[in-house]
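Line by line, the protein sequences are chains A and B. Per our numbering, the first sequence starts with residue 372, numbered consecutively. Per our numbering, the second sequence starts with residue 16, numbered consecutively.
FYI, nobody ran anything at the bench for these hints, they're computed from the structure. There could be a bad hint or two in this list.
Quick look at which bits of chain B chain A covers, simulated, 3 or more residues with Cβ under 8 Å [said to hold, decoys possible]: (1) 43–56; (2) 322–328.
Each pair of labels, with its calculated beta carbon distance range [as the list claims (entries may be wrong)]: (3) A/Q720 - B/V204: 53 to 63 Å; (4) A/R659 - B/R278: 34 to 44 Å; (5) B/D223 - A/L402: 46 to 56 Å; (6) B/R278 - A/V663: 35 to 45 Å.
Predicted model, so just to flag it, every value in this text is computed and none were measured. Ideal Cβ positions, reconstructed from N, Cα and C, are used throughout, including at glycine.
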Amino acid sequence: MTSPQKNKRPSVLRELAKSKSGLVGVGLLILIAGLAIYSIMGLPSSLPLSWNNGDAWVLNPINVPPVWFAELQSNYAPTLNINLNSAWKLQAYSAGTYDIYVYSSSVNFTWNSNIYPQNVAFKASFEGQAASASITWMKPQGGSIVVSITQPNSNQIYEAQNSYFIAGAQAYVTNQTGKYFATLTKPQVISTLFGRNGPNILNSTVSEGKYSVLVQIVSNVPLKSLSGLLVVIGNAYGYMGTDYQGKPVDLGLLAGLPNALEVGFLVAIVSVVVGIIFGGLSGYLGARKDGVMQWVTLVVLALPALPFLVVMSYTVRLNLIIEVLLIAALTWPFYAIISRTVALSIKSQTFVEADKAMGIPSYRVFFSHFMPRLVPVTVAYTVLGIPGGILLAETLAFLGIAPANIITWGRILNDAFTNQAAVLGFWWWVVFPGLMIVLSAVPFVLIGFALERVIAPRVAAK
Amino acid sequence: MGFGKFVITKSVSYFLVLIATVSILYLLTYKIIQNVIVASATEQGDEFRQALLKTNTHLTPAQVDQLVHSYEQNYLSQFALNQPAPVKFAVQMYRLLTFNFGSSYEIVWNGSHNVNTIIAGYLPNTILLFTTATLILIALGTIIGLLAAKSAGSIWDKIVPMIAVVHSSLPSWWLGFLLIAALGYGLNVLPAYGMTSVPPPKNWFFYDINVAQHMILPMLAFLIVGIGGFAYVVRSLVISTMGEDFVLTARARGIPESRVLFRHVFRTASPAITTQAILAVTASFAGALTTEIVFNWPGVGLLTYIAIFSNDLPVILGITFVLTIILLVGLYIGELVYGLLDPRIRVGND
Chain A
372 MTSPQKNKRP
382 SVLRELAKSK
392 SGLVGVGLLI
402 LIAGLAIYSI
412 MGLPSSLPLS
422 WNNGDAWVLN
432 PINVPPVWFA
442 ELQSNYAPTL
452 NINLNSAWKL
462 QAYSAGTYDI
472 YVYSSSVNFT
482 WNSNIYPQNV
492 AFKASFEGQA
502 ASASITWMKP
512 QGGSIVVSIT
522 QPNSNQIYEA
532 QNSYFIAGAQ
542 AYVTNQTGKY
552 FATLTKPQVI
562 STLFGRNGPN
572 ILNSTVSEGK
582 YSVLVQIVSN
592 VPLKSLSGLL
602 VVIGNAYGYM
612 GTDYQGKPVD
622 LGLLAGLPNA
632 LEVGFLVAIV
642 SVVVGIIFGG
652 LSGYLGARKD
662 GVMQWVTLVV
672 LALPALPFLV
682 VMSYTVRLNL
692 IIEVLLIAAL
702 TWPFYAIISR
712 TVALSIKSQT
722 FVEADKAMGI
732 PSYRVFFSHF
742 MPRLVPVTVA
752 YTVLGIPGGI
762 LLAETLAFLG
772 IAPANIITWG
782 RILNDAFTNQ
792 AAVLGFWWWV
802 VFPGLMIVLS
812 AVPFVLIGFA
822 LERVIAPRVA
832 AK
Chain B
16 MGFGKFVITK
26 SVSYFLVLIA
36 TVSILYLLTY
46 KIIQNVIVAS
56 ATEQGDEFRQ
66 ALLKTNTHLT
76 PAQVDQLVHS
86 YEQNYLSQFA
96 LNQPAPVKFA
106 VQMYRLLTFN
116 FGSSYEIVWN
126 GSHNVNTIIA
136 GYLPNTILLF
146 TTATLILIAL
156 GTIIGLLAAK
166 SAGSIWDKIV
176 PMIAVVHSSL
186 PSWWLGFLLI
196 AALGYGLNVL
206 PAYGMTSVPP
216 PKNWFFYDIN
226 VAQHMILPML
236 AFLIVGIGGF
246 AYVVRSLVIS
256 TMGEDFVLTA
266 RARGIPESRV
276 LFRHVFRTAS
286 PAITTQAILA
296 VTASFAGALT
306 TEIVFNWPGV
316 GLLTYIAIFS
326 NDLPVILGIT
336 FVLTIILLVG
346 LYIGELVYGL
356 LDPRIRVGND
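Please work from the sequences and hints to get the whole structure.
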């Protein structure tokens, strides 16, 4: 009864499906929704905590490009994370008064790069006291370097510059060159591990081929929950490289997606609902009440968004909900203005006049004529409001204002900015986080514009 | 309603908006404002003590403490800190409305800690960069919007939605990063940081050229992201005017299309476009805060960033209040200009 012409028109969704950009938007939306679900399900919940703790990432190479990019260059050494856990073997001996437990794991890896890795690191974690650990490093052309660590600590990281590695390398270098070196630098230790055997081992080319590593941990007591990791730190990492602390950029981007979307959605919903109802009422009521309500809108509009939010971050402890409410408190007037215009155009239509003439109560007129026509507008502008919320929240995060313990792309970009990533050529650290912001905003913009094109004529129809 | 009455009504309304907006800001930041006043009283007291000890060596420590204490109390009483709430509100609001923000904690401009002086030192740089950029944006945006509205389905008509998508989904500061990396350092064709080279050229002519060169990249970032929004608004305004009956009439009378567009359509849409332009210029004073930071442009945005990281609350408060007042003045002027341009209001036929 309200509008018979409505039934003649194809549904909003069908019209949306005709819009090419709308379809692209829907496709992108499905993609980022999938990524967000993967992020929520697949990433450990402790990630935000360890993200800002640089120690958690020391085994990663710092400021290195993505692997696929490095593959395009000739000078490329991958980062190998060699897990020792699958191969632990236990041999127990009894030596009269005490027992000896030997845990050993043997792994192989292939080094096909013609440049040296940046570093090599070993880490074991276990419960109990270990007497010693040894790493026997067998090279492709034969020969093996033995690194013996006395009383290794659980979770401690032993790298090439560590004295145990130096001692092992010294013995091997003396064996190869016939000379004794009082000390070796980190690059020299790595040359020893990866170089070609012979008198020039410290200045040789890389020895490519299959390496075998035998790790043995010796203890007098059984070691519980033993795990070990051997890392060859190259000059490339993951799909999107790493930052100044070795944090993988791809992981950060994935982890930042759900909260970016959450802020965007909530900001849009809160501000659009408040704005549409306020503006709709303002236009519907008209006269003096309209004047007062427009004045209120203006009072809020006069607040400069970014400085206001910065100041507010000093007065409240930000969490996601408070951030959303603060942003929404600034953005609802824009929707109020639009909604008021729509309400005014509805008000001038004849069926409203007719209802009034028939003496139908005004609240019923509002709900039967105004709200049904305002709701489609609401949907379109909610969709258009999401990217605005995402952009503002990431901009705030770039300024250092974000709830604690969530990972934001703005913060990653701020780190890139303070570490001069753009200048130093660490483009992956700058390009991908920004692209992620764009990627998460674009689907909503495309769908929103398409919806607007479909809905605006329906509302404005005379 | 005549134009005079319109001006008076709007002036009263906007003055009330000013009071209301600043009151809201004041109430929301009440606690930190009080902290800032106490902190700056202590700082002023310390300075006073230093001066006192230098000049009056005969004073005993107790006397000095006494004098400093009364000096601090005097300072606090200027802000009505110990007065009842309504008096305090009135006094502090008056100081805020008259741009009296006290002294900064750390940030200095030409040796001065006065927040006013500091903001006045940075604001012109923002205006130079972003107001220039905004004027270019208005000109280009109007042209593109008009061209798009003129012929539906033309290349311009297709470009506008595209650049509008860019406008709504691309952070200008991130684009700034890319421009710095690509043009500033990759190709090394344009200076990427700051306002002048270091050291700046001595000769005023070369100095100006140098500043202009430094303006190019930030302006580019601002324009690429911003232009879509303005062009989209212009296009919508012009298209909605084109649907009006008088345009049909004009066409029916056989008036050339370009004449219809400029004399009838554009003229009718111009008050709304002008209002949008004034709003854009006003917003430009707040700068694209983050764009300034990325390009290290010494404007209000960079000042905000520095203040955030050195916890300089008086400066942050000062910037917020100054920008609020500027924004309001802009809205007010926009409204008046709209009234001036719209013949229905100007002639007084509501």
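Now the hints, each set against the structure:
no.	hint	result
1	43–56	holds (count 4)
2	322–328	holds (count 3)
3	A/Q720 - B/V204: 53 to 63 Å	holds (58 Å)
4	A/R659 - B/R278: 34 to 44 Å	holds (38 Å)
5	B/D223 - A/L402: 46 to 56 Å	holds (49 Å)
6	B/R278 - A/V663: 35 to 45 Å	holds (39 Å)
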